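Engineer: Whole structure, please, built from the sequences with the hints as guidance.
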Amino acid sequence: QQQVRQSSQSLTVWEGETAILNCSYENSAFDYFPWYQQFPGEGPALLIAIRSVSDKKEDGRFTIFFNKREKNLSLHIKDSQPGDSATYFCAASLGAQGLTFGLGTRVSVFP
Amino acid sequence: DMKVTQMPRYLIKRMGENVLLECGQDMSHETMYWYRQDPGLGLQLIYISYDVDSNSEGDIPKGYRVSRKKREHFSLILDSAKTNQTSVYFCASRATNERLFFGHGTKLSVL
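Chains A and B, in that order, give the protein sequences. Under the numbering used here, the residues of the first sequence are numbered 1 to 111, in order. Under the numbering used here, the residues of the second sequence are numbered 112 to 222, in order.
Source of the hints: derived by calculation from the structure; they are not laboratory data. Just so it is clear, the structure is predicted and the values come from calculations on it, not from any experiment. Check the hints yourself; a few may be wrong.
On the chain B side, residues computed to face chain A include the following (Cβ under 8 Å) [to be verified]: (1) 142; (2) 144; (3) 149; (4) 153; (5) 201; (6) 211; (7) 213; (8) 215.
Over the 12 Å line for every Cβ pair with chain B, so calculated as not near, a few chain A residues [what the hints assert, rightly or not]: (9) 20; (10) 58; (11) 67; (12) 72; (13) 81.
Quick reminder that beta carbons are idealized off the backbone N, C-alpha and C, glycines included.
Structural biologist: Spelled out as structure tokens, the structure:
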């Protein structure tokens, strides 16, 4: 059973639009939720993260909305740019046990 | 310099051969991980190392073993490689704020 689920395998948006990526999780003990961005041929890199005590985290054009009761979260990419085209992984963890990743959402931003 | 280095970047082996994947980090992080990434399966955790000679199985440890004799080095070993171990392998190290730093990956093909 997938512990972390991403609702879309792929997402296409036009430049300037807001891309919304959705994620849900099973284990209510998870307390740390990062989003990682991966470009082809590279390793994933941390984009933004939120802890379960918060319901929103913003960093520039990227915002996480977190709903602990519903066990879901979303990543909003405002004013999407072609350079944002990448695969985005939602992940969750509890302590140092290692991140559990979703399967990823490939985002394509067209000019 | 905050870097995770993986060697080699590409590797081709025959079924039954032994494989050694190496990983180094320059951040003195205690905790390190090995993941594999396959299309449609996301990133799966193979092994965790909490420090020198303190290793723990992840979600898919079968067919793999690890070695950590120095804090900055973490090796993944495949004894008698199998074709289903063809994958991209990522090493990561964990900062105290839970951020993971990933290497560029090793693409392993087992023929």
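Engineer: Can we trust that residue 20/A is non-interface, i.e. its beta-carbon lies farther than 12 Å from all of chain B?
Structural biologist: At about 20 Å from chain B, residue 20/A clears the 12 Å cut-off, so the statement holds.
Engineer: Does the no-contact call for residue 81/A survive, Cβ to all of chain B over 12 Å?
Structural biologist: holds (23 Å)
Engineer: Hey, does the residue 149/B contact hint survive, CB to chain A under 8 Å?
Structural biologist: violated (10 Å)
Engineer: Find the nearest Cβ of chain B to the Cβ of residue 72/A and say whether that gap is larger than 12 Å.
Structural biologist: It holds; residue 72/A is separated from chain B by about 18 Å at its closest Cβ, greater than 12 Å.
Engineer: Is the interface hint for residue 201/B satisfied, with its Cβ closer than 8 Å to some Cβ of chain A?
Structural biologist: Since the shortest Cβ distance to chain A is 5 Å, the answer is holds.
Engineer: At a threshold of 8 Å, is the proposed contact between residue 213/B and chain A supported by beta-carbon distances?
Structural biologist: holds (3 Å)
Engineer: So, residue 211/B near chain A? Judge it on the closest CB pair being under 8 Å.
Structural biologist: holds (6 Å)
Engineer: Residue 215/B was flagged as interface toward chain A. Is the shortest Cβ-Cβ separation under 8 Å?
Structural biologist: holds (5 Å)
Engineer: Are all C-beta atoms of chain B more than 12 Å from that of residue 58/A?
Structural biologist: holds (18 Å)
Engineer: Can we confirm that no CB of chain B comes within 12 Å of the CB of residue 67/A?
Structural biologist: holds (21 Å)
Engineer: Is the hint on residue 142/B kept, meaning its closest Cβ partner in chain A is under 8 Å away?
Structural biologist: Holds. Min distance 5 Å.
Engineer: With a cut-off of 8 Å on the beta carbons, see whether residue 144/B makes it to chain A.
Structural biologist: Because about 6 Å separates residue 144/B from the closest Cβ in chain A, which is inside the 8 Å limit, the hint holds.
In the structure shown, a violation is registered for the earlier hint numbered 3 alone.
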